[in-house]
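*Asks:* Go by the hints and put chain B onto chain A.
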Amino acid sequence: MTHWLIAPIVLPALLAPFIVLAARYHIGIQRVFSVVGSLALIVIAAGLAWQTSDGTILLYQLGDWAAPFGIVLVGDRLSTLMVLLTALLALFVLLYSIGSGWDNRGRHFHALFQFQLMGIMGAFLTGDLFNLFVFFEVLLIASYGLMIHAGGNMRLRAGVQYVLFNLIGSTLFLFALGSIYAETGTLNMADLAKRVTLIGPEETVGIRVAAVLLLLVFAIKAAIVPLHFWLPSSYAEAPAPVAALFAIMTKVGAYAIIRVYTLVFPPNLEATSGLHDLWLLPAALVSLAIGMVGVLAAKRLDRLIAFSVIGSMGMAMVSISLFTPVGIAAALYYIVHSTLAGSALFLISDLVRTGRGNLDLAPRPPIAGNALTAGLFFVGAIAMAGLPPLSGFLGKLLLLNAAFESDLVVWIWSVILISSLISILGFARAGSILFWKAQSLEPTEDSVTLERPAALSYVAVGGLVALLVAHTVFAGQVHGYAEATAEQLFEPGPYISTVVNTPGKLSTPTEGY
Amino acid sequence: MELLVASAIGVLTAAGLYLVLRLRTFPVILGISLLTYAVNVFLFGSGRLTVGAPPVLQDGMTSYADPLPQALVLTAIVISFGMTAVVVMIGLGAFLGSNDDHVDDQPEDFDKKTEGRA
Chain A
1 MTHWLIAPIV
11 LPALLAPFIV
21 LAARYHIGIQ
31 RVFSVVGSLA
41 LIVIAAGLAW
51 QTSDGTILLY
61 QLGDWAAPFG
71 IVLVGDRLST
81 LMVLLTALLA
91 LFVLLYSIGS
101 GWDNRGRHFH
111 ALFQFQLMGI
121 MGAFLTGDLF
131 NLFVFFEVLL
141 IASYGLMIHA
151 GGNMRLRAGV
161 QYVLFNLIGS
171 TLFLFALGSI
181 YAETGTLNMA
191 DLAKRVTLIG
201 PEETVGIRVA
211 AVLLLLVFAI
221 KAAIVPLHFW
231 LPSSYAEAPA
241 PVAALFAIMT
251 KVGAYAIIRV
261 YTLVFPPNLE
271 ATSGLHDLWL
281 LPAALVSLAI
291 GMVGVLAAKR
301 LDRLIAFSVI
311 GSMGMAMVSI
321 SLFTPVGIAA
331 ALYYIVHSTL
341 AGSALFLISD
351 LVRTGRGNLD
361 LAPRPPIAGN
371 ALTAGLFFVG
381 AIAMAGLPPL
391 SGFLGKLLLL
401 NAAFESDLVV
411 WIWSVILISS
421 LISILGFARA
431 GSILFWKAQS
441 LEPTEDSVTL
451 ERPAALSYVA
461 VGGLVALLVA
471 HTVFAGQVHG
481 YAEATAEQLF
491 EPGPYISTVV
501 NTPGKLSTPT
511 EGY
Chain B
1001 MELLVASAIG
1011 VLTAAGLYLV
1021 LRLRTFPVIL
1031 GISLLTYAVN
1041 VFLFGSGRLT
1051 VGAPPVLQDG
1061 MTSYADPLPQ
1071 ALVLTAIVIS
1081 FGMTAVVVMI
1091 GLGAFLGSND
1101 DHVDDQPEDF
1111 DKKTEGRA
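Chains A and B are the protein sequences, given in the same order. Position 430 of the first sequence, counted from 1, bears residue number 430 in my numbering, the numbering being contiguous throughout. Position 1 of the second sequence, counted from 1, bears residue number 1001 in my numbering, the numbering being contiguous throughout.
Chain B on its own, in the form it takes in the complex:
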């Protein structure tokens, strides 16, 4: 099963990195979402993969899953969710304002920037 999970993390990271290096904001945001999926599965897997083992103490169970990575993943998911919402709003505002969703600085920007602007 480790092969399956590791391959999934690898594919998600590769796809995420490819998208992150694109020139428009929307693919970049999608790429960041894929990277957060990858990193959440990676964090979850850092507690070693067990099947059918509970994280919380129960009567009659001998093997348990590590609960700390699960808590870490929950924290990371919540934080990434908030961040993704923020970046979508900021990206939308930037696109609607300047009608251009290039991620990098465009050459025309430098001319605009050096003109008088408060």
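One chain only, chain A, in its complex shape:
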């Protein structure tokens, strides 16, 4: 059994304490180890994605114990795709935080960053629901530390809200896990998938409650209305590289919904039929609408981008809630796009803040580094608003196509298109106030001249934009891979048999027993 599957979890887990213990006061050494670790993570993630691209299910049994007695890590196309996406995102966010000096404004940025990566990788790779809870907590507690990095009263106040909300969400997760264990006696996802089919039609109350509780927990992470209230303040007040990394955290919620509701509670299971069909799609449409209205209503650039994250998550959830292979494939393409675009926009907002001093959407004199920042904002806004020629447009086309067979197609199409118009207006207004109106104002005598952002910051943002362009140019291949992933998700037979039937230690009785 190859150990490469656990490498994305173990590598950051080893780097983080090493950075804290051995390189505590040397930011240079921390930066080197962090960047080298991220590069190694990309290589490992690419290798795993290559191995699973032909449909093999990679299995890693911790301690050599067979599931469901031991904890297993499972790599299929979806897990390794998300791991690769996280690794790529982490490298560029890390380069930005080094270039802009954000990592030096507080203590332990790089160690917390590595722990955060460990939690995210573990959440994507695990095959056990309680292990998913543990990795959620790892990534959450690292995010609490990153959220209040560099301090400040506003940041701490927003941090308190973020922490309290997520603590309540974790408690709800535990209630859901307790219910699932009480009903089925197992917490391994593949074993659960087998056992829920054995629940008789008259005794489905418990498992239905458990399924809805679990969906609510993932909806909190994915910021679906009405569980989205934690996101605007937290993402706006977090340091910009941290907010850029948080772009993948909402996708962990979407991943968990896709994984659990195609594997454990698939659409054709009678015990849980009709549970989320009725309200998940309308909730996603409302998230989309509220997110994009928030883009138009925002008075500061960071709030604008936070609301656009809510809107794009709503868009992805619209496609996921259809629970068809076409819908999931479109959602996967859109999730990759939304992660890259959201994090690029948060980094661009920090470029604006560096050159301008604040992020109010009110006319002020021109910012330092105007032309390059404006160009990057233009590209990022086009991507997020879903205009051609970038991947947002292709993603939206795929979503509209996937919604065609649904009953609510008129609602879905109209909400997507109208909210896209509203978001285009919002982004255009922000861009013109920040960059064009600035040209008509003269700097006052007492204004402070600010420096241009560092070159490495621009390189990092440019890297994310280049990934977006590649996501557009190679859309055919990426969507083909997404379709293969969705097919694998809707035929969970190989996944379940690989996990449950692989023997481990003591699986075959030894002599004398």
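Since the hints were made in silico from the structure, they are not lab data. Just so you know, these numbers come straight off a predicted model, no measurement behind them. Any given hint might turn out to be false.
Pairwise CB distance ranges (calculated) [to be verified]:
#, chain 1, residue 1, chain 2, residue 2, range
1, B, P1027, A, N104, 49 to 59 Å
2, B, Q1106, A, S507, 51 to 61 Å
3, A, N104, B, A1015, 53 to 63 Å
4, B, S1007, A, L417, 49 to 59 Å
5, A, W411, B, Q1106, 31 to 41 Å
6, A, P503, B, V1056, 39 to 49 Å
7, A, N358, B, N1099, 19 to 29 Å
8, B, L1092, A, H26, 27 to 37 Å
9, A, G63, B, M1001, 31 to 41 Å
10, B, L1057, A, G185, 13 to 23 Å
11, B, L1057, A, D277, 26 to 36 Å
Glycine is no exception: its CB is placed at the ideal position from the N, C-alpha and C atoms.
*Replies:* Only chain B this time, still in chain A's reference frame:
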């Protein structure tokens, strides 16, 4: 006995939810602690309640308690303990810095937020 344990979980959850909806950080943190007590007892009870039965194999015992929920509860307790410590420190830092421990955004904050701030 199920009635006793279920009522305890219910009372703790109700009290925890009431406190969580308060407007200051300290009652909210207390409410979260009560909710974690409730959820730990709930997790423990999901393995069915038995009296006097060991969780680990022993000679001469016929009935056992389910050991897995006990392990789950230990994990949950440890995680919640760490989280509570973190939230108390962050809440204390926020209160000492801004002399205000409201949990929600205050209207004055919006004016402060829209002014120039790096």
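*Asks:* For each hint, tell me whether it holds in the structure or not.
*Replies:* Hint check:
no. : hint                         : verdict
1   : B:P1027 - A:N104: 49 to 59 Å : violated, 37 Å
2   : B:Q1106 - A:S507: 51 to 61 Å : holds, 60 Å
3   : A:N104 - B:A1015: 53 to 63 Å : violated, 44 Å
4   : B:S1007 - A:L417: 49 to 59 Å : holds, 52 Å
5   : A:W411 - B:Q1106: 31 to 41 Å : holds, 37 Å
6   : A:P503 - B:V1056: 39 to 49 Å : violated, 24 Å
7   : A:N358 - B:N1099: 19 to 29 Å : holds, 23 Å
8   : B:L1092 - A:H26: 27 to 37 Å  : holds, 30 Å
9   : A:G63 - B:M1001: 31 to 41 Å  : holds, 35 Å
10  : B:L1057 - A:G185: 13 to 23 Å : holds, 18 Å
11  : B:L1057 - A:D277: 26 to 36 Å : violated, 45 Å
Hints 1, 3, 6, 11 from the earlier list are contradicted by this structure; the remaining hints agree with it.
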